[in-house]
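6 protein chains.
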Amino acid sequence: MIYLTRRATFSASHYYWNPSWSAEKNEQVFGRCANRNGHGHNYTLEVTVAGDVDPVTGFVVDLKWLRDVIEREVLAAWDHRHLNLDVPEFAATESTATIPTTENLAIAAWKRLEPSVHKADGARLSRVRVYETPEIFAEFRGEA
Amino acid sequence: MIYLTRRATFSASHYYWNPSWSAEKNEQVFGRCANRNGHGHNYTLEVTVAGDVDPVTGFVVDLKWLRDVIEREVLAAWDHRHLNLDVPEFAATESTATIPTTENLAIAAWKRLEPSVHKADGARLSRVRVYETPEIFAEFRGEA
Amino acid sequence: MIYLTRRATFSASHYYWNPSWSAEKNEQVFGRCANRNGHGHNYTLEVTVAGDVDPVTGFVVDLKWLRDVIEREVLAAWDHRHLNLDVPEFAATESTATIPTTENLAIAAWKRLEPSVHKADGARLSRVRVYETPEIFAEFRGEA
Amino acid sequence: MIYLTRRATFSASHYYWNPSWSAEKNEQVFGRCANRNGHGHNYTLEVTVAGDVDPVTGFVVDLKWLRDVIEREVLAAWDHRHLNLDVPEFAATESTATIPTTENLAIAAWKRLEPSVHKADGARLSRVRVYETPEIFAEFRGEA
Amino acid sequence: MIYLTRRATFSASHYYWNPSWSAEKNEQVFGRCANRNGHGHNYTLEVTVAGDVDPVTGFVVDLKWLRDVIEREVLAAWDHRHLNLDVPEFAATESTATIPTTENLAIAAWKRLEPSVHKADGARLSRVRVYETPEIFAEFRGEA
Amino acid sequence: MIYLTRRATFSASHYYWNPSWSAEKNEQVFGRCANRNGHGHNYTLEVTVAGDVDPVTGFVVDLKWLRDVIEREVLAAWDHRHLNLDVPEFAATESTATIPTTENLAIAAWKRLEPSVHKADGARLSRVRVYETPEIFAEFRGEA
Numbered sequence: 098m099i100y101l102t103r104r105a106t107f108s109a110s111h112y113y114w115n116p117s118w119s120a121e122k123n124e125q126v127f128g129r130c131a132n133r134n135g136h137g138h139n140y141t142l143e144v145t146v147a148g149d150v151d152p153v154t155g156f157v158v159d160l161k162w163l164r165d166v167i168e169r170e171v172l173a174a175w176d177h178r179h180l181n182l183d184v185p186e187f188a189a190t191e192s193t194a195t196i197p198t199t200e201n202l203a204i205a206a207w208k209r210l211e212p213s214v215h216k217a218d219g220a221r222l223s224r225v226r227v228y229e230t231p232e233i234f235a236e237f238r239g240e241a
Numbered sequence: 098m099i100y101l102t103r104r105a106t107f108s109a110s111h112y113y114w115n116p117s118w119s120a121e122k123n124e125q126v127f128g129r130c131a132n133r134n135g136h137g138h139n140y141t142l143e144v145t146v147a148g149d150v151d152p153v154t155g156f157v158v159d160l161k162w163l164r165d166v167i168e169r170e171v172l173a174a175w176d177h178r179h180l181n182l183d184v185p186e187f188a189a190t191e192s193t194a195t196i197p198t199t200e201n202l203a204i205a206a207w208k209r210l211e212p213s214v215h216k217a218d219g220a221r222l223s224r225v226r227v228y229e230t231p232e233i234f235a236e237f238r239g240e241a
Numbered sequence: 098m099i100y101l102t103r104r105a106t107f108s109a110s111h112y113y114w115n116p117s118w119s120a121e122k123n124e125q126v127f128g129r130c131a132n133r134n135g136h137g138h139n140y141t142l143e144v145t146v147a148g149d150v151d152p153v154t155g156f157v158v159d160l161k162w163l164r165d166v167i168e169r170e171v172l173a174a175w176d177h178r179h180l181n182l183d184v185p186e187f188a189a190t191e192s193t194a195t196i197p198t199t200e201n202l203a204i205a206a207w208k209r210l211e212p213s214v215h216k217a218d219g220a221r222l223s224r225v226r227v228y229e230t231p232e233i234f235a236e237f238r239g240e241a
Numbered sequence: 098m099i100y101l102t103r104r105a106t107f108s109a110s111h112y113y114w115n116p117s118w119s120a121e122k123n124e125q126v127f128g129r130c131a132n133r134n135g136h137g138h139n140y141t142l143e144v145t146v147a148g149d150v151d152p153v154t155g156f157v158v159d160l161k162w163l164r165d166v167i168e169r170e171v172l173a174a175w176d177h178r179h180l181n182l183d184v185p186e187f188a189a190t191e192s193t194a195t196i197p198t199t200e201n202l203a204i205a206a207w208k209r210l211e212p213s214v215h216k217a218d219g220a221r222l223s224r225v226r227v228y229e230t231p232e233i234f235a236e237f238r239g240e241a
Numbered sequence: 098m099i100y101l102t103r104r105a106t107f108s109a110s111h112y113y114w115n116p117s118w119s120a121e122k123n124e125q126v127f128g129r130c131a132n133r134n135g136h137g138h139n140y141t142l143e144v145t146v147a148g149d150v151d152p153v154t155g156f157v158v159d160l161k162w163l164r165d166v167i168e169r170e171v172l173a174a175w176d177h178r179h180l181n182l183d184v185p186e187f188a189a190t191e192s193t194a195t196i197p198t199t200e201n202l203a204i205a206a207w208k209r210l211e212p213s214v215h216k217a218d219g220a221r222l223s224r225v226r227v228y229e230t231p232e233i234f235a236e237f238r239g240e241a
Numbered sequence: 098m099i100y101l102t103r104r105a106t107f108s109a110s111h112y113y114w115n116p117s118w119s120a121e122k123n124e125q126v127f128g129r130c131a132n133r134n135g136h137g138h139n140y141t142l143e144v145t146v147a148g149d150v151d152p153v154t155g156f157v158v159d160l161k162w163l164r165d166v167i168e169r170e171v172l173a174a175w176d177h178r179h180l181n182l183d184v185p186e187f188a189a190t191e192s193t194a195t196i197p198t199t200e201n202l203a204i205a206a207w208k209r210l211e212p213s214v215h216k217a218d219g220a221r222l223s224r225v226r227v228y229e230t231p232e233i234f235a236e237f238r239g240e241a
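Residue numbers (this note's numbering), protein chains in the order written: chain A, 98 to 241; chain B, 98 to 241; chain C, 98 to 241; chain D, 98 to 241; chain E, 98 to 241; chain F, 98 to 241.
Check each hint, because a few of them may be wrong.
Repeated chains share a single entry, so a pair holds when one copy, or any two copies, can fit it.
Unchecked claim - Each computed DSS-like pair below joins lysine-lysine, with the alpha-carbon atoms no more than 25 Å apart:
1) Lys-122 with Lys-216
2) Lys-161 with Lys-208
3) Lys-216 with Lys-161
4) Lys-161 with Lys-122
In case anyone wonders, no lab produced these hints; they're calculated from the structure.
Could you put together the complete structure from these sequences and hints?
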């Protein structure tokens, strides 16, 4: 059993806002992150798959395939976008929207990646980590 | 003569848009950066002052003072903001706005910092560098 | 279940010395680290909490709260200090002192942080990692 | 129980080639990595040992000893070498050779390190991680 | 005048060998770098152009254009290659070959990039830096 | 003309204290850095030499030679030491001591390195940079 990880980066805007709260409460809880014009980050997405090494290729999965999965399933939708306005899982109708915190980005990336990795023979998605800055990151392992 | 540098980071949104162009031309020239909802970055600002070492303190300038100047003159206005919407030198009336590219951020940071550093005895602003990502940065040295 | 991590840095001095040994034995075992004048490091402290995401905020815990806990419980006591001389768990009376190795710093940081994190609803301290340099780090997960 | 990690770096060449395949198939599967003249990387090897802290030294294991084990068992054989041509586990007779992918490097490093760490009282090898670039790494934990 | 920099990475093999010397002298001078099977690195190439900011775009040069120039002029020829065997300026006939040291890579990258940058209106190539590892780099500024 | 740079790291303790001032004034000016027990850093020293490339070796200077010069002239005296207590240029008799700020470390490293580099044919010391943390660094170029 080997754990193979690939990193990718994307740049996106977001803000934190709970529409069921007043502006005052949003500013009190979320501080500068509540600015509705948005602010942004260079995010790093770290995707880990687990599986056995194929003796024919020496691969758990083909890293070019994994790069393409990450590009197609996550970066095409999130890179150079405003998460609250352009990305379905955070935009929707706002009253039911999920706030695009680092925690929720990790869960959303898992949901986007898991079906594609699941189809790859002998490998499973093991871990998704999202860095908002080098100092802050959230990790989801598919645990309920 | 010593060159003393302090780094700081800020997170901001921006987009690239020339209002005298059509939407098509903006998208052709600026690509994904033309998305009007904005996208964002973790910027790094690197400020270098030059001067002689004060034999009494061992300092060119006090780094706590330099940190406060950077915070007051640049970060208070730029951090967790949308550069095109919240920041005067890039917002103004849009038809005369400066596009918040990395190049223009370096020049704007210089203009914000230079008067304060100029007042410090025996030191001058030598260089301002802005990293948009670890792979892209612009540097301004006050040269015409 | 999400694992949320925040990093912080502190600068401190230390030396390695077992008072029940001769100077020769200390120098033989600890090498240059046995210099009683001390030497120092820029340490990085990485604190991970585990819990469910609150659907109202999108947070496992508020990262500003976590930053303040790290500042109050660890950095206020350790940053810009000499661990062997200024910090209670390593200074005490020397004959019973714990040597401030990276391993012991990780355990001591856990003990300082765990009570505060424990009180936070729905979150628990999952992991504490201390980097002495980018090449050396110790991790404690609360395991006996 | 503490997990103590030490990093080391080495520079090596390699290529990917399955001798039971045609040149066309090798190029199709392995792309630019199939260039038989080889290409190279600055690899980072991250070795984690787990154990209790010795109250006499404050160590899980002596980091100088761990550095020497890594140097003697792995770097002396791999650093500044061509993995496919100079290193026994990847060279052998080519028809039975293991392809030096990041995954197989992690397993091979584990096999080289585990006997030495196993002899150290109260510590065991917990994890070996190999970074081919900062964006790609493989991890082996000794799991079947 | 603004200095705009873009980084790129490539992975390549090389060895150091002066064909007019004996094997003993090559090993004495070049040490482990004289291994004729080669070893390799993840190189970082840092390209700086200088010029005025175009008020219409906010650019010194278009960074997508600069990325394409670097890809076409340098990376297409050097990435995933053996510098001594696959790259014209270091291979040639060996008796006249230039040794692919970091210094010579910086000069060779300058020669490959300068004609394309020179054609860009209002910009000139200012500096080329090549990192062999994070600890070693060479810089060429076009000075005789 | 090529600029060739090598980095090295060292860990040291220091404090800031002007003996002609009262304790109150020292604490007011130097803040937490005035703690007489000291605190410490992982410093990075970056040494740049300038010269022509020797066509026989492809070197400006031999990087192994440069590593040995840095080790012998600087690291042997500064690494794992207390700068105020163990290092001549900062210890001396205290009333005449130079305060070991990052600025003064850069000048002192230049003075230690310059005579050895000066003797190397065709190369001169061009720049010395000292990082106290990744956020703070001082650079000396030998300018009066």
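To see whether the hints hold, each was checked on the structure:
no., hint, result
1, Lys-122 with Lys-216, "between (44 Å within a copy, 23 Å between copies)"
2, Lys-161 with Lys-208, "within (20 Å within a copy, 27 Å between copies)"
3, Lys-216 with Lys-161, "within (16 Å within a copy, 35 Å between copies)"
4, Lys-161 with Lys-122, "between (46 Å within a copy, 16 Å between copies)"
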